[in-house]
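> The whole structure should be built from the sequences, with the hints applied where relevant.
There are 2 protein chains.
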Amino acid sequence: MAGESNTARVSDCVVLASVPDGPLSAEHFALQSEEVPDPGPGEVLVRVQALTIGAGQRAGLQGSASYAGSPETGVVMRGTGAGVVEASNAEGISVGDTVVGWTGWRRRAVLAADELRVADSALDPALHLGVLGTNGLTAYFGLLDVGRPEAGETVVVSAAAGSVGHIAGQIAKAQGCRVVGVAGSDEKCSLLVDEIGFDVAINRHSPDFRAEFRAATPDRINVYFDNTGGEILGSALFRMATFGRIVCCGAVSAYDTANPDPSPRGIPGLLVNNQVRMQGFIVFSYADRYDEARTQMREWIDAGSLVPRHVTYDGLDAAGGAFVDLLGGRTVGTTIVRLGD
Amino acid sequence: MAGESNTARVSDCVVLASVPDGPLSAEHFALQSEEVPDPGPGEVLVRVQALTIGAGQRAGLQGSASYAGSPETGVVMRGTGAGVVEASNAEGISVGDTVVGWTGWRRRAVLAADELRVADSALDPALHLGVLGTNGLTAYFGLLDVGRPEAGETVVVSAAAGSVGHIAGQIAKAQGCRVVGVAGSDEKCSLLVDEIGFDVAINRHSPDFRAEFRAATPDRINVYFDNTGGEILGSALFRMATFGRIVCCGAVSAYDTANPDPSPRGIPGLLVNNQVRMQGFIVFSYADRYDEARTQMREWIDAGSLVPRHVTYDGLDAAGGAFVDLLGGRTVGTTIVRLGD
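Sequence lines, in order, name chains P and H.
Residue numbers for the first sequence follow this note's numbering, beginning at 11 and rising by one.
Residue numbers for the second sequence follow this note's numbering, beginning at 11 and rising by one.
One or more hints might be untrue.
Covered, in the sense of this in silico footprint (three residues per stretch, anywhere, with C-beta under 8 Å from a C-beta of chain H), are these stretches of chain P [stated by the list, open to error]: (1) 232-244; (2) 272-283; (3) 290-298.
If you want a taste of the chain H side facing chain P, the calculated C-beta under 8 Å gives, among others [to be verified]: (4) L281; (5) V286; (6) M288; (7) Q306.
The hints are simulated quantities; they were obtained by calculation from the structure and are not laboratory data.
Built from N, CA and C at the ideal position, the CB exists for glycine as well.
Here it is as structure tokens:
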């Protein structure tokens, strides 16, 4: 085995302390120490430098199972991290390599080589976790492969300031679409228009939301990229153009509660009348096309047409609070927790 | 102008006498006489021999507008008929030709040539109105183009004994699928399995419907052809296989009532978790492919793999009652009203 080798190596991690019934708070998490095993054959030891936190993880903490799995207390929070290899028993992976994988919320992780990818060490790990990670890939395949927007069409994105939404909106602009964002505050809306390039953005908490939504979609909606479900999905269903597409990416409105919003009205009637396609997807089904997507997105980033944003927290003990902020709608872009070099 | 020419020609028709608030009954219709004009340039006079009645027409009688249009009392009921040309001012259409078009519920209709199609006079007009008409085309494009079933997959059809459903099920069998029907009575279920070739059929009024539905779909559902919406759609959503497709063809459950069923639970969450595509369509969007579909279906009919069924009523004054029977679930196959030769 190459690299350092400590027996009884101890490192920090964050566990789920209790299963939330309602809104999540920082006290549902606890910082602990854990013993880190030596990497076995085909495994590497990673010093995690950054974690990303996504709203989709909230589904895994719900009392009932979802695609993200069932919740368990006392185990380390699952999640994706990027870091540097400290020791390697895996062919083709060297000490010092930057890798990205399912580390969980911990400073040191042992991962099997087939569960991680080696990434460009020259880039900020936040990029590997954001635009080049699951968030960016979700935006890419959801918008382009499921939504299939064409130049001149109107694309609406909910949770538009979120990790997926702010990238989906920019990709839609790159396709020549008119892009309308829905976000949770006036500040986010200003930022979407002024700094991220959305044509219009609407505050979903506005008392005139429905009227503003209608006014923002005078030609109706060709592609609705739905990150929320609930009321915004309901409003969009009534504004879809003929042959419109609804990309069902997630349902934030249903994650942080034991009583999810009811389904929107008018199903299936509105789908029939307007010949609308409504399609759920999970990004992992596109694994064999990740390289294509990453290559394209790096080109857009280099050309300046895609500007990924992060909100950064420092230290493992900030991770729970970061998750709470995310679900509370207080973040813009990808949520990154930096654990140090 | 070729053919007979009567001025002040008087003929029978059926009008909507009142707009139903709830269930439709025969008294909402009235048989009347109307004066039939001479056909103008580019028009033909048709002696209607048979009408078809579809559940989709019910939407047009609802108090609010739908894709089928807004209701009006005192005007002749709209609908599709087939008949023989009695007089023609249209190039390429001759007296004696069989034509199919939007005749309305009347014995004699004047139609513009570009609103009708000339059909094979050797066939029973009921075939032109059923399997080779809108019902059959709806089954064909909905199942094959929207649903895209593959051999070995499980296809579920609701309103399976209906004009569209009984054809969709047979086309699915022709694709090598396992086909499960949902219908409104034990008699219909027996008929679907014993005579129409469904693998299983379930009575939606069974007290054990949900358990029977689960038992009938042990490998879950790859394609659900939804003619009903409501509770059956709700049950299907919970049984969809990964990458399943829901063909939203219509919503009978919402037609014959002023209080449609609520939307099914679990949208969008179930679509995301199982990566399901749910797509509404209207057959008229496939007009440029009708010939392809008719050619294929005539081949299946000639080969005996597609056996269309009709329920027949005699005389224009039976049309209202036929419609009531259809919506009440008392018919199997395509509803045909024969008006004489």
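> Confirm or reject each hint.
Structure-based check of each hint:
1. 232-244: Holds: 3 residues of the stretch 232-244 of chain P have a Cβ under 8 Å from chain H.
2. 272-283: With 12 residues close enough to chain H, the hint holds.
3. 290-298: With 4 residues in contact (Cβ-Cβ under 8 Å with chain H), the coverage given for the stretch 290-298 of chain P holds.
4. L281: holds (3 Å)
5. V286: holds (5 Å)
6. M288: Where the cut-off is 8 Å and the nearest Cβ of chain P is about 5 Å from H:M288, the hint holds.
7. Q306: violated (22 Å)
Against the hints set out earlier in the document, a violation occurs for number 7 only.
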